[in-house]
Amino acid sequence: MDFTAIAFGVLSTVLLGAALLVITARNPVHAVLFLILSFFSGAGLFVLLGAEFLAMLLIVVYVGAVAVLFLFVVMMLDVDFASLRTGYVQYLPLGLVISAVLLIEMVGVSGVVATRGASAAQTAAPVSDVSNIERIGQVLYTDYAYLFQGAGLVLTVAMIGALVLTLRHRPGVKRQNIAVQTARTVKSGLKIVQVKTGEGISE
Amino acid sequence: MSEASDFWATPGGWTLLTLGEVLLVLFGLLICVAFILLADRKIWASVQMRKGPNVVGPFGLLQSFADLLKFVVKEVIIPAGADRVIFLLAPVLSFALGVIGWAVIPFAPGWVLSNINVGILYLLAMSSLGVYGIIMGGWASNSKYPFMGSLRSAAQMVSYEVSIGFIIVTVILLTGSMNLSAIVQHQAGGFWNWNFVGGGLKANWPLAPVMFAMMVMFFISALAETNRPPFDLPEAESELVAGYQVEYSSTPYMLFMMGEYCNIVLMCAMLSILFFGGWTAPFPTPFLAAWPPILAGLFGLLMFALKIMVWFFLFAIVKAIVPRYRYDQLMRLGWKVFLPASLAAVALVAGWRVFSAA
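Chains as they are written, first to last, in the working numbering: chain A, 1 to 203; chain B, 1001 to 1358.
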């Protein structure tokens, strides 16, 4: 057994264990932290495959940005563990049905992939000398340029949708105009008054 | 001799060699951090016309080591309501992330622990993870002020990471590589080749104003990303006592502080590599070819260290002379100024690379 196999075993075990703990952890913050651990293990698997660019992207995008926001939201929650468990029995049948469907689908897909993979393994894919960053760039920006742009548009629409949903115009909000603030001079911002003793300023 | 070199090529020998290199870098880095901490305090003191630490050792040179000893022998206090595991994990993570980035930094030609193709992405990833130490520490303390500090820092670091990413893209576009050694090599031959004046090709000089602006923006974003003044809102002592560090004492606190300084030096190293030519000298160095490799390497290390010191001096001066930003000003600067500006710079540099003859 070579080192790659050992590393694969360790990484995938940690990945599956962490993924299991994501859904079983009582504390939602712990769940998010386990989610991050599973992202990391996934990135490790990418490195093993030689796709270091994808690994770094997984960490930068999912761990560095998405999971931070998850954590951000989850920490704000006032978690009431008693109320979390009340709906458990009620939703159990529905959950079982959904998980059975998912299981059947996954077994079907992995069966196909396994048989196809066995035949593909004999004709090993030619490894090009181009680094996988350039390769991904070429594929993404030439072959799939329009789909890539489409994905970007979908994300933009989603972002605008989130903004529209949460945007509220409240009356009476004091706003700052930075340009006006920085344009203030001594003359326009300062008034020197000679105050007579015992009188005060009457505006 | 040949037997020895054979040994270093076997898996066991390679592991030993790499471990030795890692320990060398780690040891050097921690010694540097000790003195940089002192430099920070001395510069800060000089600006305020104080003397700064001057009791332990000559000129107070051993102050940081005395502090280290003090931190280590103190009692670790864990608040009763704290989440113990995460509370202790947070400073360890913070420190580890500050150190781990150094694995890809090239100190001199060929002197790098791991010369990976995606070095710069790795650095970006590690610096974006730094936020976890702070969030976890603030949340696990189970106290109001630490929590507020950690929420602030989460929003702040995520915001400035975006513009740092775009600034890095401009450098990648100029040099055509994500490998840090290749980025440095691209700037060799004198300071007129460095990235802050257009980078590597003399025909790129029209880009100098853009790249200079990018350098300044990277510096400011680095201040925000490392929670340094004027962006130290996560630990604003006048409002939040000490932010996420309130409940920490002894060794965990020290780990937070050392992680922070490791990150600051790492940012200085990134500034040097991306814009100031890393280990290359500011003048052509044809004489280096005649030098033995060890000496040439030390020369490169010296150049790199000097550049890091210049950047750290700026970090320290900013801490001493700039007042703290207000939170809304911080967010405005990140999202309304830096993000559009760096996006425009990406478009400009990309356009220049496509349409110029060079």
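Careful, some of the hints might be misleading.
[Stated by the list, open to error] Not close to chain A: a few residues of chain B, all C-beta gaps over 10 Å, as computed:
id	residue
1	V1055
2	L1124
3	A1125
4	S1128
5	L1129
6	Y1132
7	A1155
8	F1166
9	M1178
10	F1191
11	L1302
12	R1332
13	A1344
[What the hints assert, rightly or not] As a list, the in silico SDA-like pairs of lysine to any residue whose alpha-carbon atoms are at most 25 Å apart:
id	chain 1	residue 1	chain 2	residue 2
14	B	K1336	A	V164
15	B	K1336	A	G161
16	B	K1319	B	R1041
17	A	K174	B	T1251
18	B	K1144	A	N27
19	B	K1336	A	G17
20	A	K174	B	V1216
21	B	K1070	B	L1330
22	B	K1336	A	V139
23	B	K1070	A	V180
24	B	K1144	A	V73
25	B	K1336	A	A179
26	B	K1336	A	L37
27	B	K1336	A	N27
28	B	K1051	B	I1078
29	B	K1144	A	M75
30	B	K1144	B	I1078
31	B	K1336	A	I6
32	B	K1336	A	H169
33	B	K1319	B	A1305
34	B	K1144	A	M76
35	B	K1336	A	V109
36	A	K174	B	I1078
37	B	K1319	A	L155
38	B	K1051	A	L167
39	A	K174	B	L1333
40	B	K1319	B	M1049
In short, the hints are calculated from the structure, not lab data.
Virtual Cβ for every residue (Gly too), placed ideally from N, Cα, C.
Query raised in the report: Of the hints stated earlier, which fail here?
Result: Numbers 2, 3, 4, 5, 6, 7, 9, 12, 17, 19, 20, 21, 22, 23, 26, 27, 28, 31, 35, 36, 37 and 38 - these are the hints that the structure violates, sorted from lowest upward.
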